[in-house]
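Same order as they appear, the protein sequences are chains P and D.
Letter by letter, the first sequence follows residues 696 to 1088 in the numbering used here.
Letter by letter, the second sequence follows residues 180 to 226 in the numbering used here.
Just so you know, these hints were derived from the structure itself, not from any lab.
All values reported here derive from a predicted model rather than from experimental measurement.
Backbone N, C-alpha and C define an ideal beta-carbon position, used for all residues, glycine too.
Treat the hints with care, since some could be wrong.
[Stated by the list, open to error] Simulated restraints, written as ranges between beta carbons of each label pair: (1) D:G194 / P:L697: 56 to 64 Å; (2) D:V197 / P:P1020: 30 to 38 Å; (3) P:D756 / D:G194: 51 to 59 Å.
[Unchecked claim] In silico negatives: residues of chain P with every beta carbon more than 12 Å from chain D: (4) T774; (5) A807; (6) L818; (7) E871; (8) E872; (9) L924; (10) V929; (11) P937; (12) A965; (13) V974; (14) L1038; (15) G1064.
[Claimed, not checked] Okay, the calculated bits of chain D under chain P, using three or more residues with CB under 8 Å as the criterion: (16) 185 to 191; (17) 194 to 202.
As a plain string of letters, each chain reads:
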Amino acid sequence: MLMTPAVGFFYGGLVRRKNVLSTIMHSFFILALISVQWVLWGYSLAFGPDAGGLGLIGGLDWLGLRGVGMEPNPDYAATVPHQAYMAFQMMFAIITPALITGAFAERKRFKAFVLFSLLWATLVYDPVAHWVWGAGGWLKTLGALDFAGGTVVHITSGVSALVAALMLGPRLGLGEEPMDPHDATMTVLGAALLWFGWFGFNAGSALAAGALATNAFVVTNTAAAMGALTWMTVSWAHHGRPSVLGAAAGAVAGLVAITPAAGYVNATAAILIGLGAGVFCYWAIQLRARLTRIDDALDVWGVHGVGGTWGALATGLFATLAVNPDGANGLFYGDPSQFLKQLVAVVVVWIYTAVVTWVILKVIDLVVGLRVEEREEVLGLDTTQHGEVAYQL
Amino acid sequence: MVEYVQLLAALGSFGALVVGWLMLPASAGLPAPLESAQASPRPARAA
């Protein structure tokens, strides 16, 4: 649960002073919004008994948590109460739309954000979670591996961020006036909290305190460390200085990339996955900024979309049955078909997410308008959307 | 066999980072206003 406020701090430090409260509010609000959505219908759509037998969406059997009690559900976690598993999965459902908010920071109307988050969780997150993790989900049946959310959390949020940034357009003054982070210390604090919280997500996905959780814990920490070191070094070589914010972003990129692989790869693979995250995510962001006018304000696509894609594909390369007998061998361990399964999952989730996100945003734009007025954007969203300011200095 | 290749690649990549740190610039340099202030001493205040 700490993860989502941590996202708020991470993003809050990166925006200008006039938008810090609204940015933190995005994460805090989603924590409340999706908590209720998940109990009412989200968990049922994502993890409920398959509707129609095609593996596309869960049914409404568990609406309002009817039938989700204290008895363990062997389809998901044979040793913990079903409601505990539901609550654990709720945290993934909450953080995913919160990640997207970095793309439209500093310019999205609050009302549009609320509608978007609710619709997106229902129409993108819940179905994709069912495909990958739900009993009978078609990607699960296919054999695609995603230990803790590389496709479900990071590709969906990263791709949606790109679409949202494209549709909202760049912030006023982009490239003409400084838009430096107003508080780098807040961002580093957020990154540190995320790093800590990630152990809960990845090691917790083993659903038991044992060997698999230990492996997930170790590779998570290793990849985060290697991501931080690599990003900092690449940015140092590129800009001539070892960036603090670069190290923080690199740690998050490493965490993102190891997420789908955490229960299937060993520690040396984690070093290589972290290395790839630092290089690929850094250059993806540089290329987006240089070659396009897409203003993914806080680089959600670069870190989560690219990092999640790399992690999902790397799982198909480095996975080994020696780590997890319930997993699979990847390409490097003799099974090229696993890489293809990962590729299918990546491509399908990219396309589905992009199309549905575009439709959702288009509808919201027609109904309430996506973007604040020009004057509101200049004054800042803290004042114009919430009537409050972050600092009385 | 694959484990050894992975281990070598991991050692190599970490080693490359360490070598990089030795070779990269030691300082980001002084901010521009400070540089110019040091280069040209402040003019004496008019009496």
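Beyond 12 Å from chain D, beta-carbon-wise, is P:P937?
8 Å, violated
Please confirm whether P:A965 is truly not at the interface, meaning its C-beta sits more than 12 Å away from all C-beta atoms of chain D.
Violated, since 9 Å does not exceed 12 Å.
Measuring Cβ to Cβ, find out whether P:T774 lies farther than 12 Å from everything in chain D.
At roughly 31 Å from the nearest Cβ of chain D, P:T774 sits farther out than 12 Å, so the non-interface label holds.
Minimum Cβ-Cβ distance from P:G1064 to chain D exceeds 12 Å
41 Å, holds
Say whether it holds or is violated: P:L1038 keeps its Cβ farther than 12 Å from all Cβ of chain D.
20 Å, holds
Does 30 to 38 Å hold as the CB distance between D:V197 and P:P1020, or does it fail?
36 Å, holds
Was P:V974 rightly flagged as not at the interface, with every chain D Cβ beyond 12 Å?
10 Å, violated
Could one say that the CB atoms of D:G194 and P:L697 fall in the range 56 to 64 Å?
Between D:G194 and P:L697, where Cβ atoms are some 35 Å apart, the hint is violated.
Determine whether the non-interface label on P:A807 survives the test: each CB of chain D must be over 12 Å from its CB.
39 Å, holds
Beyond 12 Å on every Cβ pair: is that true for P:E871 relative to chain D?
Non-interface label stands for P:E871: nearest chain D Cβ at 19 Å, farther than 12 Å.
Count the residues of the stretch 194 to 202 of chain D with a beta-carbon closer than 8 Å to any beta-carbon of chain P: does the count reach three?
Coverage by chain P holds for the stretch 194 to 202 of chain D (3 residues, Cβ < 8 Å).
For P:V929, is the shortest beta carbon distance to chain D beyond 12 Å?
With a cut-off of 12 Å, P:V929 comes too close to chain D, as the shortest Cβ separation is near 9 Å.
Taken one by one, the earlier hints fail for this structure at numbers 1, 9, 10, 11, 12, 13, listed in ascending order.
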